[in-house]
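Engineer: With the hints as your guide, set chain L onto chain A.
So the protein sequences, as listed, match chains A and L. Sequential numbering of the first sequence, starting at 1, is according to full-length UniProt numbering. Sequential numbering of the second sequence, starting at 1, is according to full-length UniProt numbering.
These are calculated hints, taken from the structure and not from any lab test. Please note that a few of the clues may not be correct.
Covered stretches of chain L, as calculated for chain A (at least 3 residues, CB under 8 Å) [to be verified]:
id, region
1, 169-182
2, 251-265
With the C-beta cut set under 8 Å, the calculated list includes, among others, these residues of chain L facing chain A [stated by the list, open to error]:
id, residue
3, G19
4, A36
5, V40
6, V56
7, A113
8, V145
9, R146
10, F158
11, A160
12, T277
13, R286
14, P292
15, G295
16, L317
17, F325
18, P329
Derived pair list, reagent style SDA-like, types lysine to any residue, alpha-carbon separation capped at 20 Å [stated by the list, open to error]:
id, chain 1, residue 1, chain 2, residue 2
19, A, K100, A, E247
20, L, K345, A, G19
21, A, K345, L, I20
Here the structure is a predicted model, which is why all the values come from computation and not from measurement. Every residue, glycine too, gets a C-beta built ideally from N, C-alpha and C.
Protein chains: 2
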Amino acid sequence: MIGGGQLARMMIPAAVNLGIEIRVLAETDGMSAELAASGVGDYRDRATVLAFAETVDVITFDHEHVPQEILHALLEQGTPVHPGPDALLYAQDKLLMRAKLSELGLPVPDWAAIENAEQLGEFLEAHGGRAVVKTPRGGYDGKGVRVVHAAHEVDDWFLALAEDGRGGALLVEELVEFTRELAQLVARRPSGEIAAWPVVETVQAGGVCSEVIAPAPHAAGRVADVAADIAITIAEGIGVTGVLAVELFETTDQRLLVNELAMRPHNSGHWSQDGSTTSQFEQHLRAVLDLPLGGTGTRDAWTVMVNILGGPASGSLADRYAEAFAAHPTVKVHNYGKDPRPGRKIGHVNVGGDDLDDVTYQARAAAAFFQD
Amino acid sequence: MIGGGQLARMMIPAAVNLGIEIRVLAETDGMSAELAASGVGDYRDRATVLAFAETVDVITFDHEHVPQEILHALLEQGTPVHPGPDALLYAQDKLLMRAKLSELGLPVPDWAAIENAEQLGEFLEAHGGRAVVKTPRGGYDGKGVRVVHAAHEVDDWFLALAEDGRGGALLVEELVEFTRELAQLVARRPSGEIAAWPVVETVQAGGVCSEVIAPAPHAAGRVADVAADIAITIAEGIGVTGVLAVELFETTDQRLLVNELAMRPHNSGHWSQDGSTTSQFEQHLRAVLDLPLGGTGTRDAWTVMVNILGGPASGSLADRYAEAFAAHPTVKVHNYGKDPRPGRKIGHVNVGGDDLDDVTYQARAAAAFFQD
Chain A
1 MIGGGQLARM
11 MIPAAVNLGI
21 EIRVLAETDG
31 MSAELAASGV
41 GDYRDRATVL
51 AFAETVDVIT
61 FDHEHVPQEI
71 LHALLEQGTP
81 VHPGPDALLY
91 AQDKLLMRAK
101 LSELGLPVPD
111 WAAIENAEQL
121 GEFLEAHGGR
131 AVVKTPRGGY
141 DGKGVRVVHA
151 AHEVDDWFLA
161 LAEDGRGGAL
171 LVEELVEFTR
181 ELAQLVARRP
191 SGEIAAWPVV
201 ETVQAGGVCS
211 EVIAPAPHAA
221 GRVADVAADI
231 AITIAEGIGV
241 TGVLAVELFE
251 TTDQRLLVNE
261 LAMRPHNSGH
271 WSQDGSTTSQ
281 FEQHLRAVLD
291 LPLGGTGTRD
301 AWTVMVNILG
311 GPASGSLADR
321 YAEAFAAHPT
331 VKVHNYGKDP
341 RPGRKIGHVN
351 VGGDDLDDVT
361 YQARAAAAFF
371 QD
Chain L
1 MIGGGQLARM
11 MIPAAVNLGI
21 EIRVLAETDG
31 MSAELAASGV
41 GDYRDRATVL
51 AFAETVDVIT
61 FDHEHVPQEI
71 LHALLEQGTP
81 VHPGPDALLY
91 AQDKLLMRAK
101 LSELGLPVPD
111 WAAIENAEQL
121 GEFLEAHGGR
131 AVVKTPRGGY
141 DGKGVRVVHA
151 AHEVDDWFLA
161 LAEDGRGGAL
171 LVEELVEFTR
181 ELAQLVARRP
191 SGEIAAWPVV
201 ETVQAGGVCS
211 EVIAPAPHAA
221 GRVADVAADI
231 AITIAEGIGV
241 TGVLAVELFE
251 TTDQRLLVNE
261 LAMRPHNSGH
271 WSQDGSTTSQ
281 FEQHLRAVLD
291 LPLGGTGTRD
301 AWTVMVNILG
311 GPASGSLADR
321 YAEAFAAHPT
331 VKVHNYGKDP
341 RPGRKIGHVN
351 VGGDDLDDVT
361 YQARAAAAFF
371 QD
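Bound-form chain A, shown alone (with noise of 0.2 Å):
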């Protein structure tokens, strides 16, 4: 796995069980994944993926910031990629995302490829004077997205874009009118085999995820079909393996519509470690690895997972355990080893149960004595 972080880590419990060697080509020391890096290195270093990749089968990813150039490389010296670099490109690059999904007929918010303020000006006229600007490339948790009322409020994206000297465009996309945001995630195994597991409800902070409710509530029925058949198109359109994570708008007048992608293990799948029979980090070894996938249904009516986010002003999450887990037994904590730091993700709580409202209240309340 290239990148140590908390997908990483998290993957370990699955790969412990299974009696699968993992192994973890980590950014740094004391990352989240520590427990199982074997090498620390620069994932953008083509000499030391290379040789990284040699001591493993497949190779697998905590993020999708690899490089083309380096994920060729890896096909060409033999070894596994999973997901491959040309499923890979949709996750990178936000542009060809928006149009490879045009071409697949699925539904997505109104977009344009735009070079310039002019661009953005027509776009806007276009779409009530109102749209979102994306950065194609970097950006996640909000970061590299902003919404605009203005043909110029993102000139200084556009300055960046010229002195990049690629020539490169942005992402405009129309500021679609949602109601709630949810996400479908899928397994597809390198031959084909692919699993999906319910649709989900998630719940946006300033543009972060702060809770997951699974199944999506209201959402049985057309919805949920509508959810699965959309990212079992995109996984197969594209040749996705491995997990993949489809975040949807559903709109006033309950359309679906593709937000983003992300090929790998994903926030909005957390629940799916006490929620699941099995989780999507034991789905996605067994994706990348072409074995025959596991079950994907529910352990629970409702399973909430919410995020703690930042963490207690002072001290360690594992301070707060002693009260915490008193008030709440049944309360899963996935703690990730990361320093507190604002606005940070370093870990979460799952919660199962009959009753949605005590689910939700349990799975904050828990959450909340982790936050100051």
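Structural biologist: Chain L only, in chain A's frame:
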């Protein structure tokens, strides 16, 4: 954790989830818990254990074999030890255990300490001409246990005792007419809190646990209450900290008799990894760290655990994954990372569901993929 076997290995996922740094003193390289092994050394060597203890906050165990002298030295050095030496004594010496349980007024088979064939002959005469003789120390999984019908059948053990020179005795017990074997697991914190899982039924084959059904069928009510009371009485009576497993006989006249004790996670509790809100491994960590214990409710109506004994005649468990996973997508496989060898416990499967016949069938069928 002292000892690098599968129990230490299965502690790793719980430690990773909770962000607890786990270090293992393993007996050799390449043990099951190698991922967390920070050292390799002899647990019977005082200096080795004391040096390891200086790198951790709390000491616990994968087995009960660390000598008393070393356990006390750890306490003198200021390292908390859970379970402590005064409790572990009763897991280390079956004669002391029998005496203590009798003192606590708990139901046990008739027993005696015997030093020669004549005493064994008297016991046999008083118990229908048959009995079970056990070496008080070092036996497990049926080792050091012999069913006898004549006074001279353990002369070799008496001879070994005499040569040992420490003046020990053997334990003789009545051969209990039991209808089945049960196991009751509880966890206890140093500060006194106790949590009990539901009593389970264990099925043995050739003196080794082969299958566990959780909860034990037809045990709700009186049997379950009595089993929990017995284990709680023992945990409190001898000051156990961490997980305590009490193996019980259910007799033809529906009494429960205490067979053996283990003061650590136990094979009869592996079902809890997938079948309980809190696995025995997470609970053991919580207990030895004196943190509030987690919920011990079941996640399914029934969970069945089947051991993988021996493994395939050639190749590894993972070689069978493709077929086993395809046939049983909801089965959870736990692979200890050990080489197959006749009779060796190298993994287990857990399956949960509503119908006991179906769950049992699935668990056995899945385990069969891993054995020739």
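Engineer: Check the structure against each numbered hint from earlier and tell me which ones fail, lowest number first.
Structural biologist: Hints 1, 2, 5, 6, 7, 8, 9, 10, 11 contradicted; others consistent.
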